[in-house]
Each structure stands twice: as structure tokens, then as C-alpha cells.
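Residue numbers (my numbering), protein chains in the order written: chain A, 2 to 250; chain B, 2 to 250; chain C, 2 to 250; chain D, 2 to 250.
Since the hints were made in silico from the structure, they are not lab data. Here the structure is a predicted model, which means the values were calculated and not measured. Take the hints with a grain of salt, since some may be wrong.
Repeated chains share a single entry, so a pair holds when one copy, or any two copies, can fit it.
List time: in silico DSSO-like cross-link candidates among lysine-lysine, alpha-carbon distance up to 30 angstroms [to be verified]:
(1) Lys64 / Lys16
(2) Lys177 / Lys64
(3) Lys11 / Lys142
(4) Lys4 / Lys71
(5) Lys46 / Lys142
(6) Lys4 / Lys41
Number of protein chains: 4
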Amino acid sequence: MDKTIIVEKKEYSLKKPILITGLPGIGLVGQVAARYLIKKMKGVKVAEIYSPHFPHQVLMGKKGLLRMLKNSIYKVPTPKRDLLVIVGDVQAITSVGQYEVADAILEYVYEKGVRRVITIGGYSTGKMEKERKVFGSANNKRVMEEFKKKGIVFGETKGAIIGVAGLLPGLARLRKMDGVCIMGETHGNYVDSTSAKNVLEKLSEILEFKIDIGDLEKEAKTREKVIRKIEGEIEQQMTGSPKDITYIR
Amino acid sequence: MDKTIIVEKKEYSLKKPILITGLPGIGLVGQVAARYLIKKMKGVKVAEIYSPHFPHQVLMGKKGLLRMLKNSIYKVPTPKRDLLVIVGDVQAITSVGQYEVADAILEYVYEKGVRRVITIGGYSTGKMEKERKVFGSANNKRVMEEFKKKGIVFGETKGAIIGVAGLLPGLARLRKMDGVCIMGETHGNYVDSTSAKNVLEKLSEILEFKIDIGDLEKEAKTREKVIRKIEGEIEQQMTGSPKDITYIR
Amino acid sequence: MDKTIIVEKKEYSLKKPILITGLPGIGLVGQVAARYLIKKMKGVKVAEIYSPHFPHQVLMGKKGLLRMLKNSIYKVPTPKRDLLVIVGDVQAITSVGQYEVADAILEYVYEKGVRRVITIGGYSTGKMEKERKVFGSANNKRVMEEFKKKGIVFGETKGAIIGVAGLLPGLARLRKMDGVCIMGETHGNYVDSTSAKNVLEKLSEILEFKIDIGDLEKEAKTREKVIRKIEGEIEQQMTGSPKDITYIR
Amino acid sequence: MDKTIIVEKKEYSLKKPILITGLPGIGLVGQVAARYLIKKMKGVKVAEIYSPHFPHQVLMGKKGLLRMLKNSIYKVPTPKRDLLVIVGDVQAITSVGQYEVADAILEYVYEKGVRRVITIGGYSTGKMEKERKVFGSANNKRVMEEFKKKGIVFGETKGAIIGVAGLLPGLARLRKMDGVCIMGETHGNYVDSTSAKNVLEKLSEILEFKIDIGDLEKEAKTREKVIRKIEGEIEQQMTGSPKDITYIR
Numbered sequence: 002m003d004k005t006i007i008v009e010k011k012e013y014s015l016k017k018p019i020l021i022t023g024l025p026g027i028g029l030v031g032q033v034a035a036r037y038l039i040k041k042m043k044g045v046k047v048a049e050i051y052s053p054h055f056p057h058q059v060l061m062g063k064k065g066l067l068r069m070l071k072n073s074i075y076k077v078p079t080p081k082r083d084l085l086v087i088v089g090d091v092q093a094i095t096s097v098g099q100y101e102v103a104d105a106i107l108e109y110v111y112e113k114g115v116r117r118v119i120t121i122g123g124y125s126t127g128k129m130e131k132e133r134k135v136f137g138s139a140n141n142k143r144v145m146e147e148f149k150k151k152g153i154v155f156g157e158t159k160g161a162i163i164g165v166a167g168l169l170p171g172l173a174r175l176r177k178m179d180g181v182c183i184m185g186e187t188h189g190n191y192v193d194s195t196s197a198k199n200v201l202e203k204l205s206e207i208l209e210f211k212i213d214i215g216d217l218e219k220e221a222k223t224r225e226k227v228i229r230k231i232e233g234e235i236e237q238q239m240t241g242s243p244k245d246i247t248y249i250r
Numbered sequence: 002m003d004k005t006i007i008v009e010k011k012e013y014s015l016k017k018p019i020l021i022t023g024l025p026g027i028g029l030v031g032q033v034a035a036r037y038l039i040k041k042m043k044g045v046k047v048a049e050i051y052s053p054h055f056p057h058q059v060l061m062g063k064k065g066l067l068r069m070l071k072n073s074i075y076k077v078p079t080p081k082r083d084l085l086v087i088v089g090d091v092q093a094i095t096s097v098g099q100y101e102v103a104d105a106i107l108e109y110v111y112e113k114g115v116r117r118v119i120t121i122g123g124y125s126t127g128k129m130e131k132e133r134k135v136f137g138s139a140n141n142k143r144v145m146e147e148f149k150k151k152g153i154v155f156g157e158t159k160g161a162i163i164g165v166a167g168l169l170p171g172l173a174r175l176r177k178m179d180g181v182c183i184m185g186e187t188h189g190n191y192v193d194s195t196s197a198k199n200v201l202e203k204l205s206e207i208l209e210f211k212i213d214i215g216d217l218e219k220e221a222k223t224r225e226k227v228i229r230k231i232e233g234e235i236e237q238q239m240t241g242s243p244k245d246i247t248y249i250r
Numbered sequence: 002m003d004k005t006i007i008v009e010k011k012e013y014s015l016k017k018p019i020l021i022t023g024l025p026g027i028g029l030v031g032q033v034a035a036r037y038l039i040k041k042m043k044g045v046k047v048a049e050i051y052s053p054h055f056p057h058q059v060l061m062g063k064k065g066l067l068r069m070l071k072n073s074i075y076k077v078p079t080p081k082r083d084l085l086v087i088v089g090d091v092q093a094i095t096s097v098g099q100y101e102v103a104d105a106i107l108e109y110v111y112e113k114g115v116r117r118v119i120t121i122g123g124y125s126t127g128k129m130e131k132e133r134k135v136f137g138s139a140n141n142k143r144v145m146e147e148f149k150k151k152g153i154v155f156g157e158t159k160g161a162i163i164g165v166a167g168l169l170p171g172l173a174r175l176r177k178m179d180g181v182c183i184m185g186e187t188h189g190n191y192v193d194s195t196s197a198k199n200v201l202e203k204l205s206e207i208l209e210f211k212i213d214i215g216d217l218e219k220e221a222k223t224r225e226k227v228i229r230k231i232e233g234e235i236e237q238q239m240t241g242s243p244k245d246i247t248y249i250r
Numbered sequence: 002m003d004k005t006i007i008v009e010k011k012e013y014s015l016k017k018p019i020l021i022t023g024l025p026g027i028g029l030v031g032q033v034a035a036r037y038l039i040k041k042m043k044g045v046k047v048a049e050i051y052s053p054h055f056p057h058q059v060l061m062g063k064k065g066l067l068r069m070l071k072n073s074i075y076k077v078p079t080p081k082r083d084l085l086v087i088v089g090d091v092q093a094i095t096s097v098g099q100y101e102v103a104d105a106i107l108e109y110v111y112e113k114g115v116r117r118v119i120t121i122g123g124y125s126t127g128k129m130e131k132e133r134k135v136f137g138s139a140n141n142k143r144v145m146e147e148f149k150k151k152g153i154v155f156g157e158t159k160g161a162i163i164g165v166a167g168l169l170p171g172l173a174r175l176r177k178m179d180g181v182c183i184m185g186e187t188h189g190n191y192v193d194s195t196s197a198k199n200v201l202e203k204l205s206e207i208l209e210f211k212i213d214i215g216d217l218e219k220e221a222k223t224r225e226k227v228i229r230k231i232e233g234e235i236e237q238q239m240t241g242s243p244k245d246i247t248y249i250r
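This is chain A alone, in the form it adopts within the complex (with noise of 0.2 angstroms):
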């Protein structure tokens, strides 16, 4: 194995489909986001992508069974089209890799007539803000517009999207296709169920489908909890009185 492969697990066809990506990043923001997407809108695995740029490593469960590191592809059907999620383990590790894994994602999709992409990541401020906005930067001016009706947030980010979130919609753009990157605003130090709810339902929004929020809504919240409480910690000790403090490394 030299180059990324993509091995399809079953044969299917696609209505109007659109490509959706929530692959390891900061705040797991789209990974938790789209995970959720193919849990509760019954996902099917389709395909799954395997890359010697991926870590020499297999990984042991807890049935006794191992499994390469790999990337999935899911079909996600909603009312007004179809969905290709990419949910997995890891990125490549190095940049002609991640290059690699990008492109062949996109030769792929455009095969089976994508012509969208969307991806999730999340935007770290290293802030806990109360109210946490839904950021996008988009690969040309027609679908930002679009997406900014939507109430996606666009040029108020600044620096480098990393990894799969940017080069998808990045080299999308060199097949003319139209690519988004949606970023959930978040702390960056933790997972982030909240900002990945927020871009979820956004996300649902943009693309015209109903999903049941729940069971995020509550896993955020008890994340929320606890994250709170960690930062209060640290923030006593960082402004604490020197009497409180017995020993700081």
C-alpha cells in the first residue's frame, strides 16, 4: 500500500449529495458534531479510506478484535438530499500525506457527483464565551453568500485552517466545485459538544433537514459543567491571594 485507498463496502446510488467531513481537530467540534449527524439520521457505512500516511499502528477493541486506522464514509439520507459524511480515527501525518488523503477524497466524491463540500472544524479563541458564534470561510464569494444568509458568520476569522478542513474546500476549488469550512467558535483547550451543537443545528438549517438535538444538548451540558468548573479552578489559582497557594510549578 503507497497511496490512499478507498474501499467501498457496498454498492449505492446518491440523490443531489453533498460532501461532509468531521475528522480530528481542534475541540473535536466536527468530529463530535459529525458523529452525532450519522447517529441519529441512521447513517450507512459506505466506504472506508485507509492511507500509509496514516500511523503504522492498529488499534486493539475491546472484543478481543483489531482494526486498521481508517477513515469512513457514511451515506446520511435527509429529505432534500443525500449526505457523504467522513468521520475517523486520524489525519495523515505529514503534509505531502494530508495533501494526498484530500485529494483522493475529492477525486472520489466528484465521482459519485459531488459537487459541494462542507467541512466542520472548530475555532479556537481560548475563551469560554457564553454564546459561541458558527464561523465559515468559504472557497468563492457566491456560496459564502449563501451561507451567510444562514446566519454563518464569515470574516471574522484570520490565520490557517489545518489539515483535512482546509485543504478539502481548498483544493476543491481547483475542480470548481464549491467548498465551506464551518467552524464552531470554542475554547480550543476541550472537547466542545456546545459548539458542535451549534454548528449542528446550522447545519441543519443550511441543508434543510430535521434533527433530534437532544441527547447533544444534554452531553453538552454536562461537558459545559465541568469545563466551567476547571477553568473557575484555574483562574483562582492564576489570580489567587499568595497566602492560598502552597505549591505552583
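Guided by the hints, dock chains B, C and D onto chain A, whose structure is given.
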């Protein structure tokens, strides 16, 4: 040489062959077991594996000869089947290299009729258990059940298997080949001949051949004493009363 | 995408073309000079260079659009000839990548009729000379003599030229193309618009075109003041009498 | 340029050719010996080796010319046979690169009729022996016995030979070519012309040609004095009585 190559040393045929690998890894469990297997069962070298992904050095032998770093494939005859056993100096040094070498091996043995791959490794626990288990992780349920019946312990390991020992059964699945990684429980900091012996005993049971384990047992006892002595000293140092300690760093 | 690709943005023809490059490097001399050249001479973008050897990220712009990291090729018309000017965000991040990108550029421009390559860089001296020279290093004597007559200083630099600025003239020789690296003398720690101006003036002389250098001169003066102020402070700190120093790290 | 290339500078024929390499390595023994051999025996450059696995830089010469990093192949005539001698600025910077360059060299010289490869290196002992041996390690017994008769010392070295000096004889064996690495005993921290001289004397004996070793001998004596002085000072510092030491770091 820009790809891994497998050089045949002689023509040979195989009876219902199974692939076994014991390359350098945790506790050298796999390496010790596989080398002993080859030696006691009178294995014959049939092929050598060279790769640009191995370190760029040659080894100087005591008698004035130099040789490439390599992996070697031995044919080891047993009553029920022939084994192809791979041992070697090194594993590939990059992730891409590991995938390439593992794939080249699978390609080669598949054409030789191999449909089942057993890799031997160590499973590090950081402890010197008196009774050390032989764990397994398989690439499908059927082969797992089969090995479980022979006393291999499944479902008690977690995490990842790094390198060839994991990639081979992982990649084997993509070719619909059975794959199991058998791991001897081991401390992890020492060469563990006891664990290698345990693995080899199980392996001979599973594959229905007899092997004189005597020499390995002897070696294991010697090593065991040395290791227990070192461990004892470490423990004493860690728990000894302050006055016993003259210098700790 | 497993190779560097050059995407043409429009059909175009060229009159006796010469390649000029100004990619990120020492003092940003090349980048500042080349960008100014394109702007003032009304260059038109004709092609874009993408490479898996660039970092795996996309840049987010202020207006909500994202784009790939890239190098761009502009056609810049001058009275005697057309220039192909390459500017860009980055250089390749590995040695193999650098060779590939440089070779892809040469291949492309050779087919466009280019037989002479001029790369612009900075030559770091660690000093802020009032009068800064324009150095050169050439891939053959004939072109060196030609540039020497125009006041480019040869034979006063030593060491290596790293990256595209060196590889292009170096590799050009293998295709029997003339190649010169023109280096503006510079401190090395600062963006040096003065040095860029010096280079550009020499370049316009050599290539016989006129360019309004006014804006660059203005920018250079502003930068110069700031740099001299910083350098002055550093020097004062280094030579100040002990009593003046409260804390040095 | 995505592969190592060998560019012929002229047409040439060879009489019973043998390959000799002296690339940068321990004590520069190989490089000093090979360069001296080329100079004294009036070698003629016949080919140049370029590789994307070399560092991505060009060298600036004193006279204003730049050139690629490269290895060069010289034809060196001797009474009994022609030698192809490889010297150069660098070796490849990755393992994969080292294998590729070594293989490209073998491929090239094999087609030129070369069936025997002698690489020259240094063998580091960390000591400045007065009499320094010339060690050898060979890729087969026959050639080892042949060289042993000429006074090359086999079987007293251990460990690995890193880089081209090892890979060439190692890979040569896969092509059924004889290969020997000749190593001058050396301290390892200094350029060792004495060791280079020793190697060259042995080489001329083995290959039955005469070479005026005078200039190298002179250079060796000068270097030797300097090195012994440095070593003497180091030793004094290490063993000097405490009161002599004002500051040790």
C-alpha cells in the same frame, strides 16, 4: 532501490502455509520466539527482504563480512503445514515505510498460498507477573474464536499495536486473510524469554506441532533471575528508608 | 495531488521571456522587490503553482474567503521583453519538495520559451550598512560578465543559497539555461525595503525598463528609521555602562 | 527532478573498471584519499550526480559562480585498469535518499562494466594511535581473502557502516558484484590525512599502481602536530591537578 524488494534464495513449494512474524519489538518476545522456532524446527531461509525504508547502514560481522540490514523469510516444516517465518534486524523507520514493507510481505506470501497471518509481539504491563498470559487480538471473529479455544486470551488488551505486528493482520483483512497478533505478557523493559516460551508453547498447540522447548526454558530461567534481581534493587531503592539512600537522582 | 501542479489562468504569449522569482527568504528582499515590480508594471497573473510539498493549510482572508497556499506567476510586460515573475506565500518544506517545485517551474517556463532565470534574494551580513550592495552569483561565466558590467557585485559572497533562489539557477544549468541569483545586501533580521529597492533599480537597468521606484523608496525610508532605532537601542544595551543595566536576559 | 540523475560530461570507455568512492564521512578519510588519488593520477571528470535527496542549496564559489551540490565521477587511469572514482560535497539526507543514490550509482557503473566496488571510509576509535591500521569489511569471502593477503585487516571492526560507504558494497552483493569497504583507523574528531595516506598506500598496492604519496605525507605531518597539540591540551585539562584549573565547564 526505491521500493521494498523480496529476493528469493531458492525455489520452494509449500503445504497449506501460514505466515508467522517475529520482528524486533516489545520485550523482543516475537523475535526470540520466532528465532527459536526456526532453529529448533530446522527452518530453511527461502527469501530476504530489503527496503529503502530500513536504516541506511550495513552491519559488520565478526569475521570481516558486511551485510545489508534485512528481514529474512524461513520455511519451517511442521507435520500439518509449512510455516513461513519472518525474522529480521529492523523494522521500517517511517510510517509510509512500515505500510510499504507490510504490504510487500502480504503480496508475496499471498501468492505463495498463505491465507492466514500470525504475528508475535509483546504486551507491556510494566510488571513482572509470575504467570504471564498469552494475549491475542484478531482481525475477524471466526479466527478469534478458534484461537480462544486454544487458550489465547482475547479482550484483555487495549491501545494500539505498533509496526509490522499490527499492520500485517490489519492489512490482511483487506485481502480477506485471517490475521491474529499473539502477544506475550511482559514487563516491557527486558528481553523476556519466559514470555517468548509461553507464546511458543501456545503456538505449537494451535498449529499442532511438537517443539523441544528445553533450551528456551533454560535461557528463560537465567534471564528471569537477572531481571528479578534488577527489579528487586529498583524496588528497594524506591521504598527504602531515607537513611539507606546516599544518592538519588 | 501527489506532484506539484501549475494551473494556467489564461492563454498568453510571451516576447523573449525571462523568469524572475521573489519568494519568501532573507530580509524578504526578493518578495518585496518582485511584488513591487508586479504592481508597478501592471503584471497579470497567468498561472498558479500548487504543491503537496507546501504546508497542509489554507489561508483565511479578511472577507471570509479561504485559499490554498500557492506561488503565482505573473506576466509583466517591459519594452524589450516580457517577464514571468513568480511570487508566493511559501516555499516547499522538505529538500525533496524544493527540488520538485524548482524543477516543475523550470519545466514550465522552458516550454514557454524562457532561457534565462533571475532569482532575487537577500544576502545577510548582520549589519545595517548605509550603502548596501547588490551581489550576484551566476551559473556560468558569460552571464556573470554581462551582469558584472551593470554593477552587480560578484565574488564577494560565500556559503550557500538555500531554497528556490539557489536551486533555480543551479538546476537551470542542467538545461543549459542562464541563471543568476541577485542578492540585496541586508542585515537579515528585518524586512529590508531599501535592499529591495537597490535590487529593483539594478534589475531595471539590466533588463532595460523604467519603473517608478518612488513608493518603495518612501516605504524604505520609514522602515529604515524604525530599524535604526531598534538597532540603536540594542547597541546601547550591549555597550552601556554597568550601572545603567538593571536587568539583562 | 524527483529522482537521482547521473549526467555524463563526455563519452568514455573503460578498461577492466573498478569503482572507488570517497564521500564525506568519518575523519574525511575517504574524501581526502579519493581527492588525492584523482589529483595525482590525473583523473578526468566523466559524470556528475545530482539528487533531490541532497540538501536544497547551491554553493557560491569565490569567483562569483554558483553550482549545485553534487557528487562527481572521475575516470582515473592506472596501468592494470581504469578506476571510476566518486567524490562529492554531500551524501543524501534521508534513509530513502541514501538507498536511491547508492542504487543509481551501482546501476550506472554496472552498465559501464564495473563488477567490483571499493568504498573508503574512516573507522573511529576515539584514540590517536601512532600506527593506524587499515581495516576492511567485505561482501563476500573470496574478495575478503584477496584483500587480506594485501594486509587489509578484517574482523577487527564491529558495528555498522553508515551511508554510501556501507550501502554500496551491501547493495552490490544483490547484483553479485564484489564489494569491500576499506576503513582507515582514525580518532574520529579530526580530519585525518595520515589515515588517508595509509589507505591510499594499501589501495595502490592492491590495485597495482604507483602513486607519489609525498604531498599527502607532508600534509599529514602538519595535521598530526596540530592534532597532537590539541589532544595534549585536552588530556592535560582532564588530568591536571585541581589547583591548575581555574574554570571548567
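Each hint, compared with the structure:
{"no.": "1", "hint": "Lys64 / Lys16", "verdict": "neither (37 angstroms within a copy, 32 angstroms between copies)"}
{"no.": "2", "hint": "Lys177 / Lys64", "verdict": "between (45 angstroms within a copy, 20 angstroms between copies)"}
{"no.": "3", "hint": "Lys11 / Lys142", "verdict": "between (36 angstroms within a copy, 21 angstroms between copies)"}
{"no.": "4", "hint": "Lys4 / Lys71", "verdict": "both (13 angstroms within a copy, 24 angstroms between copies)"}
{"no.": "5", "hint": "Lys46 / Lys142", "verdict": "between (33 angstroms within a copy, 20 angstroms between copies)"}
{"no.": "6", "hint": "Lys4 / Lys41", "verdict": "neither (33 angstroms within a copy, 40 angstroms between copies)"}
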